[in-house]
Amino acid sequence: MATVEPWALWFFKNDKSKTWQANLRLISKFDTVEDFWALYNHIQLSSNLMPGCDYSLFKDGIEPMWEDEKNKRGGRWLITLNKQQRRSDLDRFWLETRWDLATLPRLVSNFWPQVILPLQPPKVLELQLLCLIGESFDDYSDDVCGAVVNVRAKGDKIAIWTTECENREAVTHIGRVYKERLGLPPKIVIGYQSHADTATKSGSTTKNRFVV
57 MATVEPWALW FFKNDKSKTW QANLRLISKF DTVEDFWALY NHIQLSSNLM PGCDYSLFKD
117 GIEPMWEDEK NKRGGRWLIT LNKQQRRSDL DRFWLETRWD LATLPRLVSN FWPQVILPLQ
177 PPKVLELQLL CLIGESFDDY SDDVCGAVVN VRAKGDKIAI WTTECENREA VTHIGRVYKE
237 RLGLPPKIVI GYQSHADTAT KSGSTTKNRF VV
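The sequence shown begins at 57 in our numbering and counts up one residue at a time.
Treat the hints as calculated values from the structure; they're not laboratory data.
No experiment lies behind these values; they were computed from the predicted model shown.
All C-beta atoms in this analysis are idealised placements derived from N, C-alpha and C, irrespective of residue type, glycine included.
27 Å max Cα-Cα, derived BS3-like pairs, lysine-lysine: (1) K74 - K210; (2) K128 - K69; (3) K213 - K72; (4) K263 - K235; (5) K69 - K213; (6) K126 - K235; (7) K243 - K263; (8) K210 - K72; (9) K263 - K126; (10) K69 - K126; (11) K257 - K69; (12) K69 - K115; (13) K85 - K69; (14) K210 - K263; (15) K210 - K69; (16) K263 - K128; (17) K128 - K235; (18) K213 - K85; (19) K115 - K213; (20) K213 - K263; (21) K235 - K213; (22) K115 - K74; (23) K74 - K85; (24) K126 - K74; (25) K243 - K210; (26) K213 - K243.
FRET-style restraints, in silico, Cβ to Cβ: (27) P241 - T75: 38 to 48 Å; (28) K69 - D116: 13 to 23 Å; (29) P241 - I83: 34 to 44 Å; (30) N104 - K74: 21 to 31 Å; (31) D194 - V245: 21 to 31 Å.
From just these sequences and the hints, can you work out the full model?
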């Protein structure tokens, strides 16, 4: 079996009668490619989720919440999608990953965050992998905590979470590699926000600490 770093997939459904923690549920863990496929084949596409639901894919041992020890000083590289993109693009953004058999033990992320970007032909891309954060960021892979997709009525979000927002070198390296893997042109800018800033401000007013 081809092994990968242990990961955990979480599901969140917003039920206002319950606490936030009670709405968060661990679906499954995996540490092999085979187990990943078994899990993938039994979950709904993110575009089929009801508004208010999230998928979170995090390294095993890290919970997908700001309060987790690995997350509380961290932040996220954020991609925002409008609601018109959900059916046509959300699953592609969340699932689309280049699959390189030469690096099979690593599952490499490759989000496509903007509908205006030219999409490569499906025959060039493998469209059937959840976006996993593998050892794609060189010496800074340990700084990556996981990825989240939020399905919301007004628009959806995809984010990569990192562990330390003050580590400028690590954060900007991850952002640059991330943008490079996306194939984004220079005019497209993505921003990094700290969880502390996001917790005290609404998403639209949170200031980017870094941009690439």
